[in-house]
Amino acid sequence: MRVRPARPGTLRRRQTRTAYTFLLVPLLFFLVVRFIPTFLALRLSLFDWNILKEQQPFVGLENYRTLLEDEKFGQALKNTALYTVIGVPLQIALGLILALMLGRIRALRGLYRALYFAPYVTPIVAAAWVWQWLFSPQFGPVNTVLMWLHIPPQAFLTSPHQALATTAGLVVWQNLGFQVVLFLAGLAAIPRSYYEAAEIDGASGGQAFWRITLPLLNPTIVFSVVTGTISYLQLFTQVVNLNFTDQGGPLGSTMTVALYIYQLAFGRYQMGYASAVTVILFVIILAITLLQLKFLTRRYDT
Amino acid sequence: MALSRPEVQVRPRPLRTGGPRRVGGLKLGRLLAFAALVALSLMVLYPALWMVSTSLKPDAQVFAYPPRWIPDPVMWGNYAKAWASAPFTRYAVNSLLYAVSVTFGTVLSCSLAAYGFSKLRFPGRDFLFLVMLSTMMIPGLVTMVPQYVLFSKLGWINTYLPLVVPSFFAGAFFTFLLRQYFMGVPNELLEAARMDGANELWIWGRVMLPLTTPALATVAIFTFDGAWNDYVNPLLYLNDERLYTLQVGLASFRSANDTQWQLLMAASVLVLLPVLLIFFVFQKYFIEGASLTGSVKG
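Protein chains in written order, with UniProt numbering: chain P, 1 to 302; chain A, 1 to 298.
Note that these hints are calculated values from the structure, not bench results.
Simulated pairs of lysine to any residue, SDA-like, Cα-Cα distance not exceeding 25 Å:
1) K78/P to I288/P
2) K27/A to A197/P
3) K294/P to F176/A
4) K72/P to V283/P
5) K153/A to F266/P
6) K27/A to L111/P
7) K78/P to V226/P
8) K284/A to L187/P
9) K81/A to Q132/P
10) K72/P to R268/P
11) K81/A to P67/A
12) K294/P to T227/P
13) K78/P to Q174/P
14) K78/P to G140/A
15) K27/A to T213/P
16) K72/P to L42/P
All values derive from a computational prediction rather than experimental measurement.
Next up, chain A with everything else stripped away, as it sits in the complex (with noise of 0.2 Å):
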């Protein structure tokens, strides 16, 4: 591939004893962009406080002309209301325990997978490393069906099965990931150990693991998020509506009540809290996480 250099073209200029002008223009460029962020910001606030004002509205203010942003009166009883309209409860029990067993199976399996791949040495790891990666190239939705097939064979249509059991399986992304970080880590850590006669278990349980716990709890947060929001798979492999996710049971509570707002509403954001407290208190490992992901070069 050739090489090229980025050419910054060195021109004379004439000098110029505009240095006040240039500073009004940054200053100007500086409010202007605040500016756009502020617009900008609007869009996510906006429907954020929609949403949460028409969940507290009455029946009647919900599409009154001028919209009413404070209701009144205010009906906090359209939370219960909407709770208790669909088996919520259940759903969030279910929600939890797969996104909790989910997120368990991926930093369990991709830890151990990226810790054979960053810190041992065996023969075929490179060519493994690079079949594991190119997995990485067949979309989702190219498995859908033959999977779909494989675990009806197996009998696991309606159970949680194939929703849990592949993510203790490792993922190619989030073990690269962590690959990334477990390199990081000086091997004369690990020969200590060694030397003193740990095993490779301890070592990765014991002194791995300690050490990268910002990286391990940025694969978990992603996991977590990915499986409390994930729709397509409690979609295609949950019939019975009493194993239905938070996702899914919100879909099918649209359908009964379809013209009241103000219970959809009430509902999404008893959906969206958890999600949204996580994020906000986690918001560093979200943001870190991203920044790796973009630093993962093909």
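If we strip away everything but chain P, and leave its shape as in the complex, we get (with noise of 0.2 Å):
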């Protein structure tokens, strides 16, 4: 075979080329379903949009005006915080014991994975149905163990007060598993001999957990943190699917932003007065990550 060294320029620029048609549609993709949608989101917030109508006027910032006043966007509001504040720790304090207590056990190990996972991959209707019945107040399986106990049986989803904690449950179930499978990716990573020196040096579990596993794994902590904020604060399916309509539950109880922005952009048509909640939605997302990944995020020499 003859060996004949390549012209760097050409290469170069036919790689180029190459490089740009390769990337062209990903490229248009971030423009026009991307970035593109999210100024328009901030365009349409400024006008009376109602996409039945003739006639789209400019309004400039009432719609904004209209949501300081608007008590349903405040419980939506309030709503999806108490899922968040709810949901997060408590899937990620869960997740990283049951990853814990998987690295102890060697027998059927792949099969605990296997179902902790399993809830991830089913379809959220059919799951929502199942939750609906282990927590039915006549007939569910929860009140019969409360009985049990003899704790008087809970209204649950048909309770204002109880149904949002109901519903974060459901939640909870789903993510478990994706939560416990990136602990043990991330407690897999963690060298063996730390543990070790750590042992030599007469640490107890409880220092070497708090000392050793809890600050490795804090890249998995902050991603785990700043994800499950992200979807939290996106709610949506879940709370459709538990409550049949999407009036959001006993008394607007489990109302989230998300769902009050479908009612208001596909049930009254008011795309305009719709994309100024995504806005405010959009700007806490944000903020809240920027936070997040400033407090949170801990760099250490290893």
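Fit chain to chain and form the complex, with the hints in mind.
In structure tokens:
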């Protein structure tokens, strides 16, 4: 075979051309499907944009002014915050505990991992029905257990005070498997020698956990907190399917911002007003994400 | 950023001769862990068993108390009845076509983009990559309304175009994931092909893809699962009942058969079965994908 050194100039130029051809389509996507709609949302929010009407008058900040006095939006915002505050810590704590326990066990490990992961791949519609049955006030097994323990049966999804927590439970149940696998991967990356050294130095199991495991899991924890928060702030499908309708449960007690946007945009066709809610949510998500990244990230010299 | 080292306190301890006790403690810990894991597994298994059991019950036994786990008689006919009481075959075909085309589009476009970002040198690469990563920060919900307005102007409402077309434009997350894999493939292999006069498209298809099939499988499986279980997009864009996917069809089936739990569960089992099957067969790739997700650190 004749070895022919490629002329670097032409190769470089040809590569550039190929690269841009390869990337043209994705770049268009980012523009058309991501960036432009984000700015479009900002623009739409300044109009009284109703998709059924002929006229879409410019109203300036009117939508935002209405939003300030919108009680339903206030409730949706409060509920969404509650979901996040309940769900994110719970799934991270449970996920970590389960991963640590799985780490201690050799037999049937794969089976357990598969079991926890199964709800994650289960369609939400079907999972929601099963959850409804589990927490049904009349014949649900959870109430049966409560009665054994001499605790009066609870209303759960039909009570305005308990519906939100019960819904959050479904989300945690579905996300748990993914969280466990994340932590298992994080734990596997910690060198065994650290623990051996700690043991030689006489550190207790608790000390090893707080001083080695937790600090070295920091990247996994930060990732879980950030992505978990983002997904809880957009909660929609579980809420809709647990409460039959898009009205947000008893007295709107499970209503989320995402569901409210859906109601406004596709129930009442108020695209402009829905966009204003969208913009507010975007700002909130962005601010929380940046704050979390700033305050949670720790760098350790390993 | 301040660098600090996790401090492991080195403190001399009185020598302990309690070796065996420590082993005993470990054993007890392991036993407790085992018990807890079994209890938690029940939280998954119990609902699953109930689902199957209910789906096989005659009408009168669904809410019988105390519950009967093994129905008498076993109503295998519930499955046929549930399947026939809504156009589920059509929904299934729709779901399958939707999931397959989205998977194809995603793997194709993401692997092309990832190849460009990992193995080709060109001006502006790092900047473009940063731009792409930043789109991961835009939550899907934010673009929901404007995208709907956009697609409705194109006359795409009530078609599969808004659901499928975006997948042919590489998504940031999977591109990023594949790029990580592609960077691990030695450049010498590609250079050798380039010396032989192969063009980049050939190298992508004949060198890169065969070497990274596990990564491609991970992307494909997550995408397929996501599309198969997708509820929001079909709900937004498909109004015609004939276009419904299984998820939307299942949800609307409920409003028509609110009290027939045995039929609801039979239909659910049938919808759940393919994903569970895929999950158990390709478990390795699911786990690997999830683990990789964690290592994709901000």
